[in-house]
Amino acid sequence: MTTMADPNQDAGARARFAAELGHQSRGRAIRNEVARIVMWAAFLIALIPLAWILWTVLSRGIALLLEPTWWTNSQRGITSRLTGGGAAHAIQGTLLMAVATALMAVPIGVMTAIYLVEYGRGKLARAVSFMVDILTGIPSIVAALFIYAVWVTTFGFQRVAFGVCLALVLLMIPVVVRSTEEMLKLVPNELREASYALGVPKWKTIARIVLPTAFSGIITGILLGLARIMGETAPLLILGPYTANIATNLFGGFMGTLPTMINTNRVESLQPAIDRTWASALTLILLILLLNLAGRLIGHFGKLKT
Amino acid sequence: MPSITGVSARDDLPDPDGGGSLQGDSASATGRGRLGDRLFCGAARGAGVLVIALVTLIAVFLLSQALPALAKNGANFLTSTEWTVSGDNPRFGIANLLWVTIASSVIAMTIAVPVGVGVALFVTQYCPAWLSKPAAALIDLLAAVPSIVYGIWGAFVFGPHIVGLQTVLNKLLGWLPFFDNDTGSVGSSGTIFFVGIVLSIMVLPIVTALSREVFDQTPITHKEGALALGATKWEMIRTSVLPFGKPGVISASMLGLGRALGETVAVLIILSSLAADTKWSWSVFNGGETFASKIANNAAEFDSAQQTGAFIAAGLVLFILTFIVNAIARVVIERRKVFSE
Numbered sequence: 006m007t008t009m010a011d012p013n014q015d016a017g018a019r020a021r022f023a024a025e026l027g028h029q030s031r032g033r034a035i036r037n038e039v040a041r042i043v044m045w046a047a048f049l050i051a052l053i054p055l056a057w058i059l060w061t062v063l064s065r066g067i068a069l070l071l072e073p074t075w076w077t078n079s080q081r082g083i084t085s086r087l088t089g090g091g092a093a094h095a096i097q098g099t100l101l102m103a104v105a106t107a108l109m110a111v112p113i114g115v116m117t118a119i120y121l122v123e124y125g126r127g128k129l130a131r132a133v134s135f136m137v138d139i140l141t142g143i144p145s146i147v148a149a150l151f152i153y154a155v156w157v158t159t160f161g162f163q164r165v166a167f168g169v170c171l172a173l174v175l176l177m178i179p180v181v182v183r184s185t186e187e188m189l190k191l192v193p194n195e196l197r198e199a200s201y202a203l204g205v206p207k208w209k210t211i212a213r214i215v216l217p218t219a220f221s222g223i224i225t226g227i228l229l230g231l232a233r234i235m236g237e238t239a240p241l242l243i244l245g246p247y248t249a250n251i252a253t254n255l256f257g258g259f260m261g262t263l264p265t266m267i268n269t270n271r272v273e274s275l276q277p278a279i280d281r282t283w284a285s286a287l288t289l290i291l292l293i294l295l296l297n298l299a300g301r302l303i304g305h306f307g308k309l310k311t
Numbered sequence: 283m284p285s286i287t288g289v290s291a292r293d294d295l296p297d298p299d300g301g302g303s304l305q306g307d308s309a310s311a312t313g314r315g316r317l318g319d320r321l322f323c324g325a326a327r328g329a330g331v332l333v334i335a336l337v338t339l340i341a342v343f344l345l346s347q348a349l350p351a352l353a354k355n356g357a358n359f360l361t362s363t364e365w366t367v368s369g370d371n372p373r374f375g376i377a378n379l380l381w382v383t384i385a386s387s388v389i390a391m392t393i394a395v396p397v398g399v400g401v402a403l404f405v406t407q408y409c410p411a412w413l414s415k416p417a418a419a420l421i422d423l424l425a426a427v428p429s430i431v432y433g434i435w436g437a438f439v440f441g442p443h444i445v446g447l448q449t450v451l452n453k454l455l456g457w458l459p460f461f462d463n464d465t466g467s468v469g470s471s472g473t474i475f476f477v478g479i480v481l482s483i484m485v486l487p488i489v490t491a492l493s494r495e496v497f498d499q500t501p502i503t504h505k506e507g508a509l510a511l512g513a514t515k516w517e518m519i520r521t522s523v524l525p526f527g528k529p530g531v532i533s534a535s536m537l538g539l540g541r542a543l544g545e546t547v548a549v550l551i552i553l554s555s556l557a558a559d560t561k562w563s564w565s566v567f568n569g570g571e572t573f574a575s576k577i578a579n580n581a582a583e584f585d586s587a588q589q590t591g592a593f594i595a596a597g598l599v600l601f602i603l604t605f606i607v608n609a610i611a612r613v614v615i616e617r618r619k620v621f622s623e
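Those protein sequence lines, which keep their order, are chains A and B.
As numbered in our numbering, residues 6 to 311 make up the first sequence, in order.
As numbered in our numbering, residues 283 to 623 make up the second sequence, in order.
One or more of the hints may lead you astray.
[Said to hold, decoys possible] With a straight-line cut-off of 30 Å between C-alpha atoms, the simulated DSBU-like cross-links for lysine-lysine are:
| no. | chain 1 | residue 1 | chain 2 | residue 2 |
| --- | --- | --- | --- | --- |
| 1 | A | K209 | A | K128 |
| 2 | B | K453 | B | K561 |
| 3 | A | K128 | A | K190 |
| 4 | B | K354 | B | K561 |
| 5 | A | K209 | A | K190 |
| 6 | A | K190 | B | K528 |
| 7 | A | K190 | B | K415 |
| 8 | B | K528 | A | K128 |
| 9 | B | K415 | B | K528 |
[Claimed, not checked] Some chain B residues close to chain A (C-beta under 8 Å, calculated; not the full set):
| no. | residue |
| --- | --- |
| 10 | G330 |
| 11 | F343 |
| 12 | L423 |
[To be verified] Example chain A residues on the side facing chain B (calculated, C-beta under 8 Å, incomplete):
| no. | residue |
| --- | --- |
| 13 | R33 |
| 14 | V43 |
| 15 | I113 |
| 16 | L121 |
| 17 | A132 |
| 18 | F135 |
| 19 | S145 |
| 20 | Y153 |
| 21 | I211 |
| 22 | G236 |
| 23 | T238 |
What the hints contain is simulated information worked out from the structure, not anything from laboratory work.
Please read all numbers here as calculations on a predicted model, not as lab measurements.
Note that the Cβ used here is the ideal one computed from N, Cα and C, for glycine as well.
All chains should be modelled from the sequences, with the hints used to inform the complete structure.
The structure is reproduced here in structure tokens:
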């Protein structure tokens, strides 16, 4: 950008200059101006829903979040008629599923990225890369149906939280692969070559040199991936029935999560339940924003020094 | 070939297919030799193969469980609008689901693509330098809002405000079958039209993010060339930035379309489903169900293989749709890569 004169300041002057020479017709100047206004308008229009959504959720949900019981209690024994109770069971369920999902998706995703960047050549690598793209685009409901077809229909297991995790793994893998891939590509080749020159085997070079160098970027990718899957509701609807109690068993029984808590409360017409809908929506957004922010901060401060 | 096209430094980085500057270690790329190398390479390749296997398995499992139900189906799966999946004579077809899914996605894209491209142009070409990063981050925030929040916001907050616009559209364009009020639901917000609008907000960050990336890569020489020839800023954008970014925009739109086709919860919450014997209507001021919302709506009904199979068949069609759309996105952006090198 440095070589080009700042077009914003320049446009007016140039337009006048050209007009004096009689080269730039009025129509062109007007069209130029209209285009600029349209672009600004597009941006401002895009901001309206964002501000509106955030304001809605914040203003309707903040009251409950300020009560300490929101963070410590579950909804056990609390009907839609009653106020009180909290979202501890849902927050815990959401976090538990997220951790279980990450434990499965991260190794697969990182190894796939290593394969694509460090080893992959030819047809297989192209096929893997293509499939990662396809996986990126798979609707969460299809992932959930697939797991349902395997977990429930084929193996005859119950609908449990772990099934949800399996579906979420499918959604998280492509995010981890793509971000890790980007980071691995940023690791300078000189580092690898220096390591080879010292006689270090390739696998050790990757494990000890390449991965640590790209570490913060990989963490960023994982956090962004988690942020994406935490808000997913479709797999929960198919595979993870809601309960208002605290649950810690991923392999048996029901488990409450924030999305299903929203989904359960939204159909109620009584004020306490409506309040809880917005409060759990705000909690979920805060959780996701926190992960996004953490990811971006780590990515920003841990940036590769090349 | 940065010297010819003036492509930015980004293009010098090795690409995922292993071209570019990683060629240096091709000697050890096969991973033969030491045990550690063999194991590690095997694990990496294994993970890659697993990804391929997963996508293949999705197709295989969906197909294998959909086929028995499809075989028993008494109606034409593609053209029927019926949906009776229990009992001895199941009759189900996807015509309605397909129409609602595609109509809502098309509405979403007609709004999201122009606005998204406008925002991308704003961020990369128009806005002051200090605003560029925060502006991009703000738009990305839209992607961080979970879809269920879009759903409840759309249904309870935004919805009531859309009825006025629907009434106006119906008055002005009511002679078109798409804007007809033959179902009498123009006064409700549970319409395909409104779902399309909410979907457009949801896919906007996707369209913007990728478009922004390609616009940013427009060779500076192209832009300066246009300006040097006396082009106004808009003419410069039209003649250099837009043509350069076109494959990226198409690709971005396809990814956005994929998301819109498969969106579940927001659609489920907003769209009011129709009674089983409702007359067919082309109107977008009508309720209905998309593939995804139909499946999610009936998750509790998955109690026999036949019923589940019918819904899995619907899921399979959705999978194929998104597969095609995403494959197109991928192919288009690949061709751009080849072209720009």
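Do the hints match the structure? See the list:
no.	hint	in the structure
1	A/K209 / A/K128	holds, 26 Å
2	B/K453 / B/K561	holds, 22 Å
3	A/K128 / A/K190	holds, 20 Å
4	B/K354 / B/K561	holds, 25 Å
5	A/K209 / A/K190	holds, 17 Å
6	A/K190 / B/K528	holds, 26 Å
7	A/K190 / B/K415	holds, 23 Å
8	B/K528 / A/K128	holds, 28 Å
9	B/K415 / B/K528	holds, 23 Å
10	G330	holds, 4 Å
11	F343	holds, 5 Å
12	L423	holds, 6 Å
13	R33	holds, 6 Å
14	V43	holds, 6 Å
15	I113	holds, 5 Å
16	L121	holds, 5 Å
17	A132	holds, 6 Å
18	F135	holds, 6 Å
19	S145	holds, 6 Å
20	Y153	holds, 7 Å
21	I211	holds, 7 Å
22	G236	holds, 3 Å
23	T238	holds, 4 Å
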